[in-house]
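Asks: Mind docking chain B on chain A? Use the hints.
Below, each chain spelled out in residue letters.
Protein chains: 2
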Amino acid sequence: MPSNTPRIRAVIFDAFGTLFDVYSVGALAEQLFPGKGEALAALWRQKQIEYAFIRTLSGRYKPFLAVTEDGLVFAARKLGLDLDDGARRQLMNQYACLSPFPENLAVLRKLRERGLPLAILSNGTPEMLDVAVRSAGMHGLFDHVLSVERVGAYKTHPDAYGLGPAALGCTPQEIVFVSSNGWDAIGATWFGYTSFWVNRGNQPPEQLDVTPSATGTTLDELLDFIDRRLAAGSASQKVA
Amino acid sequence: MPSNTPRIRAVIFDAFGTLFDVYSVGALAEQLFPGKGEALAALWRQKQIEYAFIRTLSGRYKPFLAVTEDGLVFAARKLGLDLDDGARRQLMNQYACLSPFPENLAVLRKLRERGLPLAILSNGTPEMLDVAVRSAGMHGLFDHVLSVERVGAYKTHPDAYGLGPAALGCTPQEIVFVSSNGWDAIGATWFGYTSFWVNRGNQPPEQLDVTPSATGTTLDELLDFIDRRLAAGSASQKVA
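One line per chain: the protein sequences are A and B, in this order.
Each residue of the first sequence is one higher than the one before, counting from 33 in this note's numbering.
Each residue of the second sequence is one higher than the one before, counting from 33 in this note's numbering.
This is chain A alone, in the form it adopts within the complex (with noise of 0.2 Å):
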């Protein structure tokens, strides 16, 4: 490690398909709808996302719960699907009971353990964030839960990702910022984070010209990464 790398003093989690698992979301889509949930699921997200970032290049923030709604209705619509109010509700309500990664847990206590202050920085509304932490089981493990909505943008744009430091009071590249989305992860690094993207799904890297600070499959390997960071900050000071 090069002595100028900065030690790392904080994580920083995305929330949804990060800390929390949105497949019971793709499989209730399932059961409503069989042998369209998986792509229902897919669009969904893609439209979500799309939505987030159109809203943001044009000034024209909406609570992500609600950018969320539209995204499954736009979704139904273009799969021909039959979304009754019911549905709706249903595939709405599953994402107040998400359930953690299995790893995930373990390795925010870890962390905790080496002392360092973990947050959340989520596109997600305060309410929806509240609502997973105590779903997962996660309360109490997080100093700061962020959400975009205090700057009214959403990721990737630098209001979003500037909360992380202004919370922790350190600066980015002291905070691993922590994504399972590759594009998360690019925008992080491209903020100025030291990022690390958990690749669960086994993705190809998104073509943006840089590449996250590291890439592992599980939240396991971020511990790893993190232990080797810190151990090679103490070797370096003890040289010092």
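In silico lysine to aspartate or glutamate, EDC-like type, Cα no more than 20 Å apart, as pairs: (1) 94(A) <-> 241(B); (2) 68(A) <-> 117(A); (3) 94(B) <-> 191(B); (4) 110(B) <-> 62(B); (5) 68(B) <-> 114(B); (6) 68(A) <-> 102(A); (7) 142(A) <-> 206(A); (8) 110(B) <-> 241(A); (9) 110(A) <-> 82(A); (10) 68(B) <-> 116(B); (11) 68(A) <-> 114(A); (12) 142(A) <-> 253(A); (13) 110(B) <-> 82(A); (14) 94(B) <-> 162(B); (15) 94(B) <-> 241(A); (16) 142(B) <-> 206(B); (17) 142(A) <-> 175(A); (18) 110(A) <-> 241(B); (19) 110(B) <-> 82(B); (20) 142(B) <-> 256(B); (21) 68(A) <-> 116(A); (22) 142(B) <-> 252(B); (23) 68(B) <-> 70(A); (24) 110(B) <-> 70(A); (25) 110(A) <-> 82(B); (26) 110(A) <-> 70(B); (27) 94(B) <-> 82(B); (28) 142(B) <-> 259(B); (29) 68(A) <-> 70(B); (30) 110(A) <-> 62(A).
Since the hints were made in silico from the structure, they are not lab data.
Only a predicted model underlies this, so the values are computations on that prediction, with no experimental measurement involved.
Replies: Leaving out everything else, chain B in the frame of chain A:
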């Protein structure tokens, strides 16, 4: 028409998919990757637009030809296709030999006969647009060919849409902005243009809280819309 509806003074067109038929790109993709061409063309387009959004959000502009190639590389990897240099070059070159949609040339000429200045406002680079205009036989039909390259921001950023009124010397409301992309028609509507969505593919409306001023399936319907607006404008002038 309410008496405060402004007179239409000019028409601006999006380029790819609106004036120029990108079907041939999909057809070549299918030749190169039988059974996968449609999926490749769709994902390529999706990533091209997504990268343009993300780069603009993060202030990382890169010319659209390069963004287009980045989208192609990602899409091929995601679909597990072996995109060698030859296939890559062939697909990219296809952007230089697009055809106009069948009705377009006649409609553009009729709009010029109405005395309306015409312009293109596109994410494409000036070079891409120059080649496309020539290869579609549209040389000499446009008063302005505007590339967002001048402002380094892709649609739906207001700086991109702002190029139109600046070049044409009228208000956004006095200009009909025409796009086959639902999100582009909405972005133009937000900016203040009178907007026309050419919904060629019978897509569901984007769920973004506003609707374009008008929608049709071909440019023939655009001509009808404009003729009605011009007639109503001169009628109300006579009354006044």
